[in-house]
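Protein sequence lines correspond, in order, to chains E and U. With the numbering used here applied, the first sequence covers 1 to 116. With the numbering used here applied, the second sequence covers 1001 to 1117.
Since the hints were derived computationally from the structure, they do not count as laboratory data. Careful, some of the hints might be misleading.
Below, computed lysine-lysine pairings styled on DSSO-like, alpha-carbon distance capped at 27 Å [what the hints assert, rightly or not]:
1) 1057(U) - 57(E)
2) 68(E) - 57(E)
3) 42(E) - 1009(U)
4) 68(E) - 5(E)
5) 1071(U) - 42(E)
6) 1057(U) - 1014(U)
7) 1009(U) - 1070(U)
8) 71(E) - 58(E)
9) 68(E) - 15(E)
10) 1071(U) - 1057(U)
11) 1070(U) - 42(E)
12) 42(E) - 1014(U)
13) 58(E) - 68(E)
14) 1071(U) - 1009(U)
15) 5(E) - 1057(U)
16) 57(E) - 5(E)
17) 42(E) - 15(E)
18) 58(E) - 15(E)
All values reported here derive from a predicted model rather than from experimental measurement.
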Amino acid sequence: QQQVKQSPQSLIVQKGGISIINCAYENTAFDYFPWYQQFPGKGPALLIAIRPDVSEKKEGRFTISFNKSAKQFSLHIMDSQPGDSATYFCAASREAATDSWGKLQFGAGTQVVVTP
Amino acid sequence: NAGVTQTPKFRVLKTGQSMTLLCAQDMNHEYMYWYRQDPGMGLRLIHYSVGEGTTAKGEVPDGYNVSRLKKQNFLLGLESAAPSQTSVYFCASSGGDHRGLSSYEQYFGPGTRLTVT
């Protein structure tokens, strides 16, 4: 049973458009929410991360929106570019827990294709 | 710095054969992890290690064993491979000192694609 549910499974967006990926979690002890980006044939790489003390974090064209009461968070890719075509994974962790050891619970992933 | 490296990149095994996947990191990270990636299931944690000489089970440990004899290396072993272990395996490491957001960042290797026939 996945502790982090991610949608949609895949997404096609035109160049210049906005890509939106949503994630939901149940465990209220989660306190660290990263997004990883994975290109074909490569390992995932950290894209952006947020803690629940803020509702939004922006880095360039990438923004995380966080809704603690709804237990949901989302990734917005503004002005999407063909180079953004990749698989995106949301994840969650209990950073403050002494027995967490940095373990991440990953969503199932969203394949984003940006058409020219 | 090479970061996290994995060997081999590809491997085909017959059912019942054994093999060891090697992960090496040159970032002096304390924590290391082994994941498997299957379509539609994201990354699932197999085993992890929080320091040299220590290992622990993750979400899907059955059929796998690990060892961390040196801080920079984390080995994943399959004693008797099964077709259900066909997957892409990723190793990751993190600083593990819990002193900032970046210490939780996991750095991933390029993966090993394993096929068991």
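Now for the hints, and whether the structure bears them out:
1. 1057(U) - 57(E): 33 Å, violated
2. 68(E) - 57(E): Distance ~14 Å between residue 68(E) and residue 57(E) Cα, so the pair holds.
3. 42(E) - 1009(U): Between residue 42(E) and residue 1009(U) the Cα gap is close to 11 Å, so the pair holds against 27 Å.
4. 68(E) - 5(E): 15 Å, holds
5. 1071(U) - 42(E): OK: residue 1071(U) and residue 42(E) at ~24 Å, within 27 Å.
6. 1057(U) - 1014(U): Holds, at roughly 25 Å.
7. 1009(U) - 1070(U): 22 Å, holds
8. 71(E) - 58(E): Between residue 71(E) and residue 58(E) the Cα gap is close to 19 Å, so the pair holds against 27 Å.
9. 68(E) - 15(E): 31 Å, violated
10. 1071(U) - 1057(U): Status holds; Cα separation ~18 Å.
11. 1070(U) - 42(E): 25 Å, holds
12. 42(E) - 1014(U): 25 Å, holds
13. 58(E) - 68(E): 17 Å, holds
14. 1071(U) - 1009(U): 22 Å, holds
15. 5(E) - 1057(U): 23 Å, holds
16. 57(E) - 5(E): 21 Å, holds
17. 42(E) - 15(E): 23 Å, holds
18. 58(E) - 15(E): 20 Å, holds
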